[in-house]
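My request is simple: use the sequences and hints to build the entire structure.
Chains as they are written, first to last, in our numbering: chain U, 1 to 115; chain F, 1001 to 1113.
It is worth saying that the hints were derived from the structure and are not from the lab.
All the given hints hold, so there is nothing to weed out.
As a list, the in silico DSS-like pairs of lysine-lysine whose alpha-carbon atoms are at most 30 Å apart:
{"hint": "1", "chain 1": "U", "residue 1": "Lys57", "chain 2": "F", "residue 2": "Lys1069"}
{"hint": "2", "chain 1": "F", "residue 1": "Lys1068", "chain 2": "F", "residue 2": "Lys1058"}
{"hint": "3", "chain 1": "U", "residue 1": "Lys9", "chain 2": "U", "residue 2": "Lys57"}
{"hint": "4", "chain 1": "U", "residue 1": "Lys9", "chain 2": "F", "residue 2": "Lys1105"}
{"hint": "5", "chain 1": "F", "residue 1": "Lys1105", "chain 2": "F", "residue 2": "Lys1069"}
{"hint": "6", "chain 1": "F", "residue 1": "Lys1105", "chain 2": "U", "residue 2": "Lys57"}
{"hint": "7", "chain 1": "F", "residue 1": "Lys1105", "chain 2": "F", "residue 2": "Lys1068"}
{"hint": "8", "chain 1": "F", "residue 1": "Lys1069", "chain 2": "F", "residue 2": "Lys1058"}
{"hint": "9", "chain 1": "F", "residue 1": "Lys1058", "chain 2": "F", "residue 2": "Lys1105"}
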Amino acid sequence: DSGVTQTPKHLITATGQRVTLRCSPRSGDLSVYWYQQSLDQGLQFLIQYYNGEERAKGNILERFSAQQFPDLHSELNLSSLELGDSALYFCASSVAETLAYNEQFFGPGTRLTVL
Amino acid sequence: AQSVTQLGSHVSVSEGALVLLRCNYSSSVPPYLFWYVQYPNQGLQLLLKYTSAATLVKGINGFEAEFKKSETSFHLTKPSAHMSDAAEYFCAMSGGSNYKLTFGKGTLLTVNP
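So this is what it looks like as C-alpha cells:
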C-alpha cells in the first residue's frame, strides 16, 4: 500500500458525460501528479500540482482540468467524454516539488470506461 | 525533448534464469532514472532510482540497474527470476526543471516454471 488513495476504483459512463476522479496523497506529500495509462499511448503525464498551485502540464486535453484543494487532495475533471478517454488514470504524490531526491508514490488507479 | 525507449515489449524467461530488461534514454540534461513495476490491477511501485550518485543501483526484490552514460542506458537485471517477478516493468526519466516522469512503453515479463 503506497498510502495514496484514489476513488472510485471503476467508473463506467457514456460519451458526452462529465466525471470527477479523486486522489488523496500520502500524509505529508505536497505534490500531486496525474497520469493516464492507455494501450495505445502508454503512461502519459497529465498535470502536476504543488501545495495547491499548478506546477507542470503535460498532454492534458482542454476538456480535462484538475485542482488541488487546501487539504491537499486533488480532483481530475474529465468532460465531454469520448470513447478514446477510456483508460486507467493514476494519481501519484511526492514530498517535494521536484523529483531530484523524492520518488513518486502511485495510487491504485481509477479505471474509466466510456461507452 | 526527453524520451525513454524500452527494447522488447515482452520478455519471457525461465524460473531461475537471468532477467535483463533494456532501457535507453535521450535527454539534454542529466537525467534521473527510475524503474517501476506494475502487477496486474495495481498501481506502480518503485523498484529503484538513479539520482547521479552510484552508477550501479540496487533496488528491492533483488533487482539492480546500471547507469551507463556512454550508452545512454539504464538496464534492469536480476540474477535469478522468480515466479513472483511476473509483471510489467516501466523505465522512467525526469531531469532538470522537468518535474514530470517520462515513461517507456513498458516490458511485460513472463516467468515460466
